[in-house]
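J.: Given next are the chains, with one letter for each unit.
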Amino acid sequence: MPDDSTVTDPAQMIRCLPDPAAPDAPLSPHSLSDDQLLDLYRRMVEIRRLDALAMSLQRQGQLGVWASCLGQEAAQVASAHALAPQDWVFPSYRETAVGVVRGIPFVDLLSQYKGIWLGDYDPHKYRFAMNSIPIATHALHATGLAMAARRAGDDLVAVAYMGDGATSEGDAHEAMNFAAVYGAPVVFFIQNNQWAISVPLHRQTASPTLAARAGALGFRGIRVDGNDAAAVHTVTADALAHARGGSGPVLIEAVTYRIESHTTADDQARYRTEAEVAPWRERDPISRLDRYLSGGGLLTDDVRDGAHQHADSLAAATRDEILARSPGDPTEMFDHVYADERALLEEQRQMLVAEQRAFEESWEDS
Amino acid sequence: MSGFTMVEALNRALADELEDDPQVLVFGQDIAALGGVFRVTAGLTERFGDRVFDTPLAESGIVGTAVGMAMYGYRPVVEMQFDAFSYPAFDQIVSHVAKMRNRSRGLISLPLVIRIPYGGGIGSVEHHSESPETYYAHTAGLTVVTPGSPADAYSLLRSSIRSDDPIVFLEPKRRYWQKQEGTLPVTTPDIGTAVVRRPGSTATLICYGPTVDLCLETAQAGTEEGWDLEVVDLRSLNPLDIGTLVASVEKTGRAIVVHEAGSFLGMGAEIAGQLSERAFYSLRAPVLRVTGFDVPYPAARLESFFLPGVDRILDAVARSLAY
Amino acid sequence: MPTFELPDLGEGLEDAEIIRWLVAEGDTVTIDQEIVEVETSKASVVIPSPFAGVVASLHASEGEVVAVGAPLVSIQPADEPEEPPPAPPSVLVGYGATSGPGRRRRRVVADPPTRPPGIEERRRPPPQLRGAARVMASAMESTLTIPDAAAWLQADASGLYEARRELGSEQITTFGLLLRIVVVALARFPTLNARYTAEGLIVSPAVHLGVATQTDRGLLVPVVENAQELGGLALGQTVAALVQSARDGVLAPAELSGSTFSVSNYGAFGVDGGHPIINPPNVAILGVGRFADRSWVEDGSLGVRPTVELTIAFDHRFNDGSVPSGFLRYLADHVADANAIRQVLNPS
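Those sequence lines, one after another, are chains C, R and G.
FYI, this note's numbering numbers position 45 of the first sequence as 45, with every residue one higher than the one before it.
Quick note, this note's numbering runs 366 ahead of the 1-based positions in the second sequence.
Quick note, this note's numbering runs 689 ahead of the 1-based positions in the third sequence.
Okay, chain C solo, but in the shape it has when bound (with noise of 0.2 Å):
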């Protein structure tokens, strides 16, 4: 479907819903069918619910830090949900709406945040591996894991997710460059959001493009209007029946925007203004998909009214229990170090149990 047009100039990329900052951009077919589109629709509601109740609960003291997807909803949820269930996931830390397209309780995804431990979930069961906050450093995990999938002749797709900023690092260009050496199937989805914490994509490249950079290495780049659902899911099912085919790795560049702060540590006033992300705010991609699918009649206030209560209702549930969630036994902390038993952690261990009861002990005294 794209042509090197759209990987290797910045005015060009794929559309499929009709964008308000380009009306006269062409616009290619999906291959969505009408309940796949507003399955998109209510996820893209519900994660929007889901983060905003993020981030209300880092500021009310109960997140040590959250890192906001708002505005790449179409971006996350819409490849999300062209995977196939057997395919892998290697997200960085603000993939949160694939974690749960993936099936992943929203809860368990704060639970880390919460710090109730490093991460809290089966990555197994959702084939989400433990999300990477070392920037691009789980890239390579994605095609190790892609091309002993190969080996063993399976049929899986593994999608590694970046941001634009983490193209610059080493690892991302060795994960890119050994899948293509490999053949091995993986598709690199960077949502170029344009900006990595403060610093711009400028600053990052001086490639056009980001998905001109597969091609130096040998393999499919496609760009994709990250806000346009539709598009998304329909180049993502592209990427991966091309990887899945054996023809290797394919680098999805979907263009979208961070309209959040970084995390909740950041404050986006510092670097940029407010006309600069007013315009995105319009392309905003659930709005996008609202009007696209309301000009078509599908999506009727009733059906508009019911994905939002669906979504406060498991907001509202999930606050509870999150709220409700705790640590459990400190000295867990010495479980999964190593697989056998190591004498210097189990003395340690011990020390810290002494150092416990010395603690209540002290309370029930006093």
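Since the hints were derived computationally from the structure, they do not count as laboratory data.
Everything numeric in this text was worked out from a predicted model, so none of it was measured.
Certain hints may be false.
[To be verified] Ranges between beta-carbon positions, derived for each pair:
{"hint": "1", "chain 1": "G", "residue 1": "R1018", "chain 2": "R", "residue 2": "K617", "range": "42 to 50 Å"}
{"hint": "2", "chain 1": "G", "residue 1": "A756", "chain 2": "R", "residue 2": "D660", "range": "43 to 51 Å"}
{"hint": "3", "chain 1": "C", "residue 1": "Q350", "chain 2": "R", "residue 2": "D556", "range": "49 to 57 Å"}
{"hint": "4", "chain 1": "C", "residue 1": "E321", "chain 2": "R", "residue 2": "K617", "range": "52 to 60 Å"}
{"hint": "5", "chain 1": "C", "residue 1": "A216", "chain 2": "R", "residue 2": "E583", "range": "48 to 56 Å"}
{"hint": "6", "chain 1": "R", "residue 1": "F659", "chain 2": "C", "residue 2": "D340", "range": "30 to 38 Å"}
{"hint": "7", "chain 1": "C", "residue 1": "G170", "chain 2": "R", "residue 2": "R685", "range": "44 to 52 Å"}
{"hint": "8", "chain 1": "C", "residue 1": "G218", "chain 2": "R", "residue 2": "E583", "range": "48 to 56 Å"}
{"hint": "9", "chain 1": "G", "residue 1": "T719", "chain 2": "C", "residue 2": "D301", "range": "18 to 26 Å"}
Built from N, CA and C at the ideal position, the CB exists for glycine as well.
Take the given structure of chain C and dock chains R and G to it, following the hints.
T.: Same frame as chain C, but now just chains R and G:
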């Protein structure tokens, strides 16, 4: 075979594991057609095909992809060509290899082995003679193993490949071609066990990897002084077999740690700390260290001044006895 | 009523300035409704309410800097449940490291995690002393300021043995009988039976006899009040009962204080002699070694006698050597002579 070298032992260990377990993969730079710059993997690709393969020149890429393969159930054995070339992979090793089991609350095991030829004494250029063991031994979640003999090279490498934990396997490159009598396969004590290579009563020399033979030579020289030196080969740096060290010091009352890495925050510092906590009343002298100097590894013509040698160790024994 | 405390809004911040309240007291708020705009060292942040209800009080005014963990706003729930759920802590509380409920109130020293085998006692760090052990330790420490001296002798204890046999061995111990002689002797050497207090030396007309006793809780010194009023048998039984109570830990504090003179029976540990430490505010203490048959020379010939080493330690500020020596001689003369014991066995 009437005797075998460490290179032969390592090669045989890889071959035997490749033979026994189809999940074992061996990869790295120049390890297939060339057989590795030290020939440790010679002949393996001919025998095992694409289970032994070359990679692009990217150490982080090698270790990072090994993580993904291990997650999928393979048991990758990767080679870092030289000690200092493991540093590009440091982030992968410390941030992921070491922590994945813990981060996933025990749900992800990474059974992978990172082989690193290390240490000096081969007259090479810069970045080819380093002793990075402390970086790895210090990192929770890593197991660091280093053989001091060809037999241990064979047995410990096989144990490492079978371990469900990630192992940093440090090979003393200047001992690669040293020969040992006997035949393969052999089984030696498992990871986590130190071994008394030579029993003695005067003082304990604690060593590992390249300094094991050095300390045995020193103990022999010490007999001329009337000293009966005990030599303990650590074999595993993390976990550290503290029990064997304490038992030895309770017998001899004196300990001298010998390694090529600099003394500052090196293994000797940890061992001195452990012994002072656990064998304080048995010590008749401070734990002494004979190590490389705390300078960047010097040019080849200077390395004999830098590396611990027999005389420097004997001097330390004399100092210990003077307390 | 739930009170919302200012959370740490960004990875280790300590406070925030109130820029603007978005609600006023009396306003009704819903969960996650924005209530206040604050400025931290890192960013300007709008904080949503964690509670629904009516704003009862704003705890800080605009322009005020509020510390993390300090009350921000109290909100009266719209329909107060019978037992409102406790507000979740707004500050992430860990074990040990944080302030508030995470901090231990006082330090408790745990045993070291490992100790080399075989030499445990020698390597034990100074124990954290409690109760009786702590009292004893401080009493012992206070003797460091006492200029003490000691005198001792070997005594032929045949008289004590003979007198005990006459009374019935099951009735009284040799040590118990000796105590009666001690009480009588103190009447003759009154400057040993005294208390040294802030008011000065108080020589006591009554003998309140402390008996140093080893117990599980440490060394205790139960006291027989007015021991001079008790005959030998009664004194022996009283001491035996007190010692047992001390070991059972059932003594009242009064029974552990007020002694005017103390005796230590370290001979019970099987030692021949020792140097007892004065039990302040007493000014002297008698140490009694092991009773045993030993060689004994009398009139140029060697025989075997039951003997005991008696040691007195005394505060040299109040007694020179003559008084304690005279006291010891008195004891020695009596324990050697059953007849002398009979004469002092009961109060006259």
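J.: Mind listing which of the numbered hints don't hold for this structure, in increasing order?
T.: Of the numbered hints given earlier, those the structure breaks are 1 and 3, listed in rising order.
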